[in-house]
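Peer 1: Since the structure of chain A is provided, determine the placement of chain B on it from the hints.
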Amino acid sequence: MISRSSLAFRLIAAASVVSVVLLIAAGILLSTLFTAAVERSLDARLQAVMDGLLASVELEKEVPKINNVLADTRFEIPLAGWYWQISSLDGDPTRQVASASLLDERLPLTQFKQPGRRPGNRMSGYLKDQSGNTLRVIEQRFTLFGSKEQYSFLVAGNFDELQTEVSAFNNALIAVLGLLGVGLVAAILLQVRYGLRPLSDLQGELSEIREGEQEGIAGSYPDEIQTVTDELNLLLKSNTEVIERARTQVGNLAHALKTPLSVLTNEAGIHGGTLGTKVSEQAGVMRDQVSMYLDRARRAARAKTIGSSTDASDVVKSIVRTLERIHVDRKISVKSSYDTDIRFRGERQDLEEMVGNLLDNAFKWTNGRVAVGVRPSTSPIDKRIAWIDVCVEDNGPGLPDGGAAIAMERGKRLDETKPGSGLGLSIVSETAAMYGGKLFLDRSDLGGLRAVLTLPAARRGDG
Amino acid sequence: MRLLVVEDDPDLNRQLVTALGDAGYAVDTATDGEEGHFLGDTEPYDAVILDIGLPVMDGVSVLENWRRDGRKMPVLILTARDRWSDKVAGFDAGADDYVAKPFHMEEVLARVRALLRRASGNASSEMTCGELALDTSSARVTVNGGAIKLTSLEFRLLSYMMHHKGKVISRTELVEHLYDQDFDRDSNTIEVFVGRLRKKLGIDVLKTVRGLGYCLSEPDDQS
Chain A
0 MISRSSLAFR LIAAASVVSV VLLIAAGILL STLFTAAVER SLDARLQAVM
50 DGLLASVELE KEVPKINNVL ADTRFEIPLA GWYWQISSLD GDPTRQVASA
100 SLLDERLPLT QFKQPGRRPG NRMSGYLKDQ SGNTLRVIEQ RFTLFGSKEQ
150 YSFLVAGNFD ELQTEVSAFN NALIAVLGLL GVGLVAAILL QVRYGLRPLS
200 DLQGELSEIR EGEQEGIAGS YPDEIQTVTD ELNLLLKSNT EVIERARTQV
250 GNLAHALKTP LSVLTNEAGI HGGTLGTKVS EQAGVMRDQV SMYLDRARRA
300 ARAKTIGSST DASDVVKSIV RTLERIHVDR KISVKSSYDT DIRFRGERQD
350 LEEMVGNLLD NAFKWTNGRV AVGVRPSTSP IDKRIAWIDV CVEDNGPGLP
400 DGGAAIAMER GKRLDETKPG SGLGLSIVSE TAAMYGGKLF LDRSDLGGLR
450 AVLTLPAARR GDG
Chain B
0 MRLLVVEDDP DLNRQLVTAL GDAGYAVDTA TDGEEGHFLG DTEPYDAVIL
50 DIGLPVMDGV SVLENWRRDG RKMPVLILTA RDRWSDKVAG FDAGADDYVA
100 KPFHMEEVLA RVRALLRRAS GNASSEMTCG ELALDTSSAR VTVNGGAIKL
150 TSLEFRLLSY MMHHKGKVIS RTELVEHLYD QDFDRDSNTI EVFVGRLRKK
200 LGIDVLKTVR GLGYCLSEPD DQS
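In the order they appear, the protein sequences are chains A and B. End of the first sequence sits at 462 in numbering that gives the first Met the number 0; the numbers just go up one at a time, nothing left out. End of the second sequence sits at 222 in numbering that gives the first Met the number 0; the numbers just go up one at a time, nothing left out.
For reference, chain B alone in the conformation it holds in the complex:
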């Protein structure tokens, strides 16, 4: 899962990046509206955390531009101004949720999880695929109830596949959603990670679709 944080306060920006990184997301960051708009317009993010009071271009305009250009990723807005007119303006511009400043980091994490879950059409924080279960709120992965220990990148990969269960995901797409923009991308490493993940899970849920990519589906589905 790859996120974009657009926040002009360097400390808050760093805290958000750290907290989201710790929670297993790949995070890109921008400190003004123009840069944020450009990134959101060109990179495929799974969710965006967008401050409303931004220099150069304010958050609402950034959001409006994204929506007008057909960018549909879920957007969580951060706002110091918590009047209803501000909220209405934010939501009318296309926001999916908001957090009023000052906030606790846990709240932002919970809202981001909820947004991602909602975007993938899951009702609860626990997603399952046969015997495999992934709880987004606790970042726990279990197979038949037994906990599996994953590295951050493995978790990210599995989480992305779980959020897009049953869909064929190309290697390029995986690379785009697992690494932040500064990472030296090499799609061959994906194969290595997929191999390791299969070994750790021990069940055959992550299948290779030749020439296209990977697909996460329950073992029974396979014909």
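Just chain A, same shape as in the assembly:
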């Protein structure tokens, strides 16, 4: 529904009020004009009757007489509302003649008696007859041949008969205008909806940007909004740039600190003593801080990376190749199976860190055999979309029972004898969770650990 505070409501309300007022005014005007037209045509008919009367009237000792009966039979139906009457101005009942329809009734002349009225001037008006009919009356005065006196000629028509015509017209008018009103309101609604649709499109795009599904406003908009979206895009871009710059500088700072930290650590190691020990200890704290903030900066950078896709097999292959070189003298046999065209819906760097950590662990702990596989997931987390599995196995000691949960905890290490910060598996499972994926740990058929990383797949050609 349209909320009262909306732009749409304002537009619709304003337009509706104006339309309704205009329609009512138009209705009144049309109805008045029609009534006037009906009156004029009735008056013309009554005038014809009067002309007929004038042609056939005669005075007989000052008493008017009609020679020929009028052709119009309506003037003979009693009290039907069609009358004529010729009378002397003094109201003498003996010097009057009227249509048969009037029976003994006579129509009053009071409203036509106006001082200073010029003879021959026609007047018109409304009267009520005995049976309640509304009459349209025209009256004119003539001096008849053979007399010096003026006589009033009065012809009345049944206005009620025409009234039905007027009401029929009015009803039709109301119906038509009502329909027009409804049509107009519908048109306004449509116009407002259509006119304001770019705004709701814009809102949709903005929320996608907020959720990281889109980097800027892409659609083309009407000129008035386009200027706003252009400005918004520039704002977003400069915002991204500021964040990117800050992030790069954090990264650069952290990386730049690593060399002096190496120098400090080594110098302290050479000199020994209390100062040396203290410096070593503090340099260690600094090193941990640096890696923590680097990790955090990387995490923050991931927020906007939805929408890209990465060839999973390619990443796994390159890391296996690297680790084989690092561990070249350990003669580790790697059994690998890569399904072709398996794409991960996400950033390459994230996949590299996850797979790198898993493979690094496998190579570190294995007793000579590592198996790695990339394939479509056999146990998808959510069946509506496709998933991929990256499976890494080794024949090392594996995890003790119940160790899986501890291993994935941040900073926990189950074995302190091999080097590593202990962030490996927790980073993997946290990164996987960011993509809605999951890391499963159990025992491999090879005897060691099996790590299965389930991640959302990208359709072919995405990204």
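Check each hint, because a few of them may be wrong.
[To be verified] Derived DSS-like pairs: lysine-lysine, alpha-carbon spacing no greater than 27 angstroms straight-line: (1) Lys199(B) with Lys330(A); (2) Lys316(A) with Lys166(B); (3) Lys330(A) with Lys198(B).
[Said to hold, decoys possible] In silico negatives: residues of chain A with every beta carbon more than 10 angstroms from chain B: (4) Ala54; (5) Leu195; (6) Ala255; (7) Thr264; (8) Asp381.
I should point out that these hints are in silico values taken from the structure, not numbers from a laboratory. Built from N, CA and C at the ideal position, the CB exists for glycine as well.
Peer 2: Just chain B, lined up with the frame of chain A:
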């Protein structure tokens, strides 16, 4: 064993040179990528320690150029950026191992030893030749279990011969691998060192191959 250190930070460079020198290696040094590339291209090093973030020419390009020109010496890369993509890029360019900054010097020394050992095809840190044994990790030389005390240059010479056991090594090659580039080279001093070394070892493993150079081999091999 002669090494090249390419590191632009003067302090870290000095520490590496000192530590590697103390460990018995002849060390050359460069502080930017171009100089490092030139040295690695023209001098026969046994291993290179190469920083990735270098001025003028970055470490990965230096390494790629060496490999493209057929330089096969083992290269240990030092990197502050320890993302997997950085490691992959380093290894794809031809690195043999990496150490992430900040590091402890012992780690670099251990990796260098491992690289040299790997390059000579030895599986363990202890190399033997008959009764003679040399442990690269502890820099100990024994004959029949008895420790032999050697000077740094004598150790370097023996270590190089041990790493190339059974091969004939010319005097020029020895000079190239025992001294750093600033040393005033005189191949005649090699003869003096070989003589002293033979005396200290007391067993006949280091033989002269007339006109060619020297060869380290077990006494039984001699016909």
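Peer 1: Now look at each hint and say whether the structure bears it out.
Peer 2: Structure-based check of each hint:
no., hint, verdict
1, Lys199(B) with Lys330(A), "violated (37 angstroms)"
2, Lys316(A) with Lys166(B), "violated (37 angstroms)"
3, Lys330(A) with Lys198(B), "violated (39 angstroms)"
4, Ala54, "holds (117 angstroms)"
5, Leu195, "holds (47 angstroms)"
6, Ala255, "violated (8 angstroms)"
7, Thr264, "violated (6 angstroms)"
8, Asp381, "holds (27 angstroms)"
Hint compliance for this structure: hints 1, 2, 3, 6, 7 are broken, all remaining hints hold.
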